[in-house]
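Model the full structure from these sequences, guided by the hints.
These protein sequence lines map, in sequence, to chains G and A. The numbering used here puts the first residue of the first sequence at 1, with every later residue one more than the last. The numbering used here puts the first residue of the second sequence at 534, with every later residue one more than the last.
In short, the hints are calculated from the structure, not lab data. This structure is a prediction, so every number in the text was calculated from the model and none was measured. Don't take each hint at face value.
[To be verified] Output of the computed footprint for chain G on chain A, the stretches with three or more beta carbons under 8 Å from beta carbons of chain G:
(1) 548-556
(2) 563-570
(3) 657-666
Where a beta carbon is used, it is the ideal one built from N, C-alpha and C, also for glycine.
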Amino acid sequence: MQNNNVEPSFLEYKGKYKGIFSWILSTDHKRIAILYLFSLLTFFATGATLGLLMKLELIAPGKTIMTAQTYNAFFTLHGIIMIFAVVIPGLPAVFGNFLLPIMIGAKDVAFPRLNLLSWYFYVTGVTLVLISQFTGQGPPDTGWTFYAPYSFRTTGNMLPAVFGAFVLGFSSILTGLNFLVTIHRMRAPGMTWLKMPLFPWTLYATGWVQLLATPIIGITLLMIIAERTLHIGFFDPTLGGDPLLYQHLFWTYSHPAVYIMILPAMGAISEIIPTFCHKTIFGYKFIVASSIAIAFVGYFIWGHHMFTSGMSGTALYTFSLLTFIVAIPSAIKVFNWIATMHKGSIDLQTPFYWAVGFLFVFMIGGFTGLILGSLATDIHLHNTHFVVAHFHFIVFGGTGFAFFGAMHYWYPKITGKMYDSRWANTGLIIFFAGFITLYGEMIFLGMKGMPRRYYDYDEVFHTGNIFSSLGAVVMYFGLAVIIINLISSLRNGAKAPADPWGGKTLEWTIPSPPPVENFNEIPVITKGPYDYK
Amino acid sequence: MNTILVTHRDDLASKTGMWLFLFTEMLLFGGLFIVYTVYRYRNQVAFHQAAHELSVIIGTINTIILLISSTTIAMSITAIQKKNKKLALLLLGTTILLGLAFLVNKYFEWGEHFKEHIYPGSAVLALRGHGDVLFYGLYFFMTGLHALHIIIGLIFILVIAMSIFNDKINSENYVLLENSGLYWHLVDLIWIFLFPLFYLIT
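Structural data, given as structure tokens:
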């Protein structure tokens with residue numbers, strides 16, 4: 001027990017294991033977060049490369065670089081990896097794990113070993129999905145939605161992929177469960193519910209969605225497995241089953257899952273904006289309430305994925321109305337963020353640029369969502385590139401921008417180093433230009449009627465696709481700049497102070513990188529989270 | 534250096550976590566109950582008649598077995614609170630035996646169906662029409678998944694029993710026993726719903 005005064009940081013303290021085992025056997029929430037970060041970035045790079053290859057295929061009509069079957073396999077794998085292995089775990093697993101205990105003044109999550117177990121489930125799930133690519137009779141080609149009856153008729157190697165998604169769901173449930181209990185039981189003394197920062201609040205809302213929605217997809221995927229292996233007939237019309245029932249069950253999970261992706265993103269933005277405006281967040285209670293409202297209403301709108309599948313008129317109107325209603329709490333948050341900036345003393349740093357970029361693309365995503373939520377326009381736009389554009393504006397634009405924003409915001413805290421903000425900003429500008437060209441063009445292609453999920457298209461869509469594909473190349477390049485800058489700053493960056501941005505939440509009160517135990521003494525909370533004078 | 538990580542124990546947190554996990558289990562079966570409801574509504578006559586073929590006697594015996602086993606595991610918690618290690622182990626042993634008895638009954642019950650060529654994907658079953666295919670498909674899938682939960686529960690209880698034997702679980706620290714009790718009650722509860730849905734509504 002030498003050096004009693006200086007506690008080792010979590011990066012130095014290795015516990016009882018050496019080398020890589022000090023990471024993969026560690027139950028420290030900070031180390032687990034880093035494990036998630038590295039695995040997630042690897043899968044993200046894989047998914048992004050698949051996406052780039054698909055866009056290159058679409059640069060000209062007809063076969064360009066891959067066959068139709070390869071294209072089908074690529075969009076399936078791109079979807080499974082990006083949805084189940086990147087954006088669903090995304091912010092909760094990386095930044096939630098790292099920061100939730102610190103932001104609520106705790107030393108770890110409630111169940112540290114369970115936390116490590118969920119990382120193992122995560123890696124196992126992705127491994128199963130990847131195994132499906134190289135074994136059996138060819139990779140899965142159903143799209144990430146595994147729609148019945150094709151998912152049990154295709155010769156593609158569905159079983160490992162579907163089971164992999166099931167295991168990933170398990171990982172997601174355990175993370176959500178862990179966070180819920182942590183927030184209920186481990187807040188620092190004095191931190192009442194309404195003194196809790198907004199990122200933990202969104203993780204709390206997300207935790208409930210993870211917990212209550214994921215089992216539905218779990219059982220649905222098990223039914224697909226049973227259908228393929230035992231021919232039970234749940235969704236097979238030749239045996240009396242109903243494929244439409246599959247769609248209902250699938251979207252009962254997969255629509256709330258969209259809020260698993262976006263809620264923590266909103267939480268991260270709610271942290272970044274007050275810090276760089278040096279101003280208390282506007283309407284704290286409204287942001288809290290709108291997170292809960294989104295999580296709640298999000299359960300009842302799955303039907304809007306199925307407007308063209310066949311439903312009663314009453315069901316159609318109800319789902320459409322509820323879709324419009326869920327837009328209200330999201331809009332409340334946007335207004336609150338803008339109002340926070342009003343008369344703030346804004347410090348223009350990289351994370352703030354990401355947050356502003358988030359607002360811009362999130363609003364495009366939101367408005368295109370309303371167009372798809374209206375019954376009449378959806379009939380025209382369903383299954384076109386418009387849907388793909390909307391989805392990427394929300395999930396890549398919303399969650400992705402927030403993820404990179406969070407990465408640049410908390411990077412000094414996590415690594416103890418500052419990054420080069422000139423390169424970070426350059427990367428962001430290139431990325432943003434590519435992003436808008438790629439997905440903005442898709443909106444117009446979709447309105448003109450270009451369908452999704454085809455490797456080929458009519459000559460009239462050619463010009464638009466050239467723009468879109470070039471945008472993809474630019475965006476990919478921008479991503480590379482951003483990530484290389486972050487990696488090289490690990491070595492070359494200046495040492496980060498405890499509070500480089502002037503943040504007020506608890507993580508900025510402890511050294512960067514945080515010591516193993518986070519806090520020498522558990523703090524007593526007397527003020528609200530964004531206490532700027 | 535190794536002493537800086539203090540072990541943290543919070544029994545209420547463990548129990549909260551277990552309850553949340555039970556929610557997910559209920560929703561897992563909830564998905565199947567929805568599917569059951571839809572197909573029962575669409576194939577009322579076939580479901581009605583197929584239910585007559587299941588053995589209400591075995592079903593009733595299994596229900597009683599599970600109810601008793603829930604009692605014994607609850608009693609073992611009281612026993613450990615009263616520091617009666619032997620009695621707690623005896624009651625847990627009874628629970629395990631009862632769980633195994635349930636599985637044995639299930640084995641013979643399924644065996645009878647298989648003898649009559651009634652199993653998912655069988656040609657004989659397919660000839661009988663969509664309603665029967667769905668009824669038996671759901672029957673095998675739901676009771677099968679339930680049996681899998683019984684097996685997992687039995688493994689948990691066995692591990693718990695060994696921890697009691699080694700004094701790792703004692704009158705001071707028995708939250709794991711309580712949690713496996715909660716899990717076992719849930720498995721019991723699901724059966725309480727499966728039993729009438731498949732055997733009794735005729």
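Claimed coverage, the stretch 548-556 of chain A by chain G - three or more beta carbons nearer than 8 Å: holds (count 5)
Coverage of the stretch 563-570 of chain A by chain G (three or more Cβ within 8 Å): holds (count 5)
Assertion that chain G covers the stretch 657-666 of chain A - criterion: three or more residues, beta-carbon distance below 8 Å: holds (count 5)
In this structure, every one of the numbered hints holds.
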